[in-house]
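Chain by chain, the residues run as shown.
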Amino acid sequence: MTRFLIRRIVFGLITLWVIITLVFVLYYARPGVDPARELAGRAVTPALLENINKEYGFNLPVIVQYWNYLKRLVPIPGQFNLGTSNVNRLPVTTIIAQAVPIDISLAVGSAILWMVLGISVGVLAARRPRSLWDRGATVFVLTGVSMPTFILGLLLLYVLYYLLTIHGIAIFPKPGSWTPFTQNPLEWAHDLLLPWITLALITAATYSRLTRSSLLETLGEDYIRTARAKGLSERRVVYRHGLRSSLTPIVTQFGIDLATVLGGAIITESIFGLPGLGLTVVQAIEVENLPVVIGIVLVASFFVVAANIVVDALYAVLDPRVRVS
Amino acid sequence: MSLSTVEAIAGDLPPEDPAVKGIQGRTPLQLVVARLRTDRVAIISIVVILLIIILAIAAPLIAGITGHGATDANVDTGTDASGQPLPPGSAGYLLGTDNLGRDILVRIAYGARVSLLVGVLATAIATIVGVVVGLFAGYFGGWLDGILARIMDVVLSFPYVLFAIVLVSVFGSSLPLVILVIAFFSFAAIGRIVRGQALSQREKEYVEAAHSLGAGNLRIMFVDILPNLVAPVIVLATLLIPTAIIFEATLSFLGLGVTPPTPSWGNMLSDAEGVGFQAWWFYIFPMLFLLLTTLAFNLLGDAVRDALDPRAERIFAARRKKAA
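Chains as they are written, first to last, in the numbering used here: chain A, 1 to 325; chain B, 1 to 324.
It should be emphasised that the hints constitute simulated quantities derived from the structure, not laboratory data.
Just so you know, not all the hints are guaranteed correct.
[Unchecked claim] Taking lysine to any residue pairs in the SDA-like style, the calculated list, with each CA pair at most 20 Å apart, reads:
id, chain 1, residue 1, chain 2, residue 2
1, A, K174, B, Q278
2, B, K204, B, S270
3, A, K174, B, S270
4, B, K204, B, N217
Please work from the sequences and hints to get the whole structure.
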């Protein structure tokens with residue numbers, strides 16, 4: 001178990017290192033590109049370029065630049081530095097710190113919704129294969145996987161916000177509304193309801209499909225027959241024995257999806273005007289604010305790698321067979 | 001025993017039982033086609049896909065008939081007196097016009113070209129790369145498998161939209177880049193399945209037989225093993241097409257895919273977002289076509305899977321039986 005986890009953490013660190021290096025090559029060491037010019041953005045002056053060159057040391061050998069770049073990413077206070085935005089001169093870490101609460105809020109609410117919805121639809125379908133429930137679940141899944149996020153988001157906005165509002169029933173807030181949880185939890189949930197539903201409906205389809213196929217397979221195993229033969233109630237058989245070991249593929253998927261939302265639900269945030277990491281990165285690309293783009297890419301990668309390690313640890317808890325390998 | 005002796009023996013067999021005569025041997029392909037033909041959902045999806053292909057091919061024709069080019073801003077007829085877009089059914093504009101007075105029908109037809117082109121090309125590239133990588137990983141195993149499998153895991157677990165927009169932002173958006181980016185983030189889905197299958201296939205007797213006949217690794221991988229993986233690869237490839245189409249539409253919607261004014265269903269929706277919901281037709285038609293296309297490909301993929309593997313759960317087959 002410990003060896004398994006250590007191996008996974010080492011793998012994760014290697015992955016992170018590869019990404020960090022790719023980002024370096026792509027942005028700082030691409031042939032024919034002046035990184036100082038790129039970092040400076042639109043409001044470029046010779047003095048600014050000189051400043052950036054001095055700060056980042058772009059006139060030093062590439063390998064030294066790379067070493068300094070790595071050193072800036074070591075998470076020690078005083079040393080960790082993602083640079084400053086070339087638009088408003090704020091440190092990138094501050095910009096990210098302002099955006100992350102929105103992504104956490106988005107992730108928490110939508111994850112609860114999509115897990116509950118996805119798994120229950122999947123269980124319903126798997127308990128009665130070929131029934132009306134199952135067919136309904138198939139329609140749900142196929143619609144979910146065929147639906148681009150931005151179409152669902154725009155549809156929800158059109159029907160639930162626009163149509164209702166012009167008819168005088170303003171239930172949902174206009175896009176761009178955001179209230180911090182600490183300020184007013186009710187208003188917070190109200191503002192996030194439509195984005196949550198959007199993310200949850202799109203994501204839940206995958207979970208229904210995974211749950212159904214995984215649970216169907218598990219329910220065909222010998223130990224389930226044993227459990228039934230012992231006289232356990234059907235509920236206990238399905239939920240305690242069946243669902244538990246069917247959860248492993250779901251946990252993997254959950255880790256990936258959660259990390260993706262945390263690193264910026266780009267489309268959902270763009271449509272609903274939520275200034276999380278996703279909208280911030282899209283806006284930063286539009287105004288060529290490279291330091292912010294790089295910072296968010298690195299943070300998002302870190303979330304994904306961390307989520308993968310957590311998932312592997314959970315794996316070992318859920319499925320005893322993993323611990324031995 | 002050579003082939004000619006087998007034929008000689010077959011020639012000596014007694015005349016066939018008349019009852020057996022009516023039964024014809026069918027190749028696996030014939031079986032699959034026969035199963036698909038009885039599947040109503042599959043037929044409908046194929047019809048929808050064909051219609052969209054016709055729409056894409058006929059795009060210049062539609063432009064010719066209506067007299068509106070895809071990027072023409074029809075300042076004189078395309079907007080009303082106050083410069084607002086025209087609703088569907090307005091004179092000469094079946095599906096209405098957008099904020100610049102451009103014909104939405106013509107733009108949708110040209111958008112179909114982009115969607116289908118990206119969907120098919122990106123899937124083709126992803127499939128070829130995925131099959132090659134998967135076969136090498138699964139067949140050779142060892143450290144090569146360790147590295148390739150890990151790379152595929154990483155590609156699959158990364159927030160591809162973020163990385164796609166980063167790449168597009170670095171290299172500038174262009175259709176070839178969009179296709180390559182989509183292919184890059186899709187090959188692992190196929191590669192992982194092919195790898196798993198190749199892992200189990202290489203233990204089979206026929207591989208051992210091929211080895212003992214002196215076949216080389218490449219021959220065994222691509223001539224002996226690959227044909228056994230065709231079924232899952234076809235299914236996955238069919239299901240990748242809608243994913244690629246959604247991917248392109250998403251990138252274009254974010255302004256990082258097909259560059260305006262070239263129409264794509266994604267950038268039409270992003271234009272619509274700038275106008276507001278009053279011009280509902282500006283939203284509804286690109287949405288409808290996009291959804292119809294992705295849904296049709298997904299339904300077809302499911303139907304092909306059922307037809308290739310009748311043992312799998314066949315929801316729609318159960319309904320057919322009841323209807324019969």
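Item to complete: Provide an ascending list of the numbers of those earlier hints which the structure does not satisfy.
Response: 2
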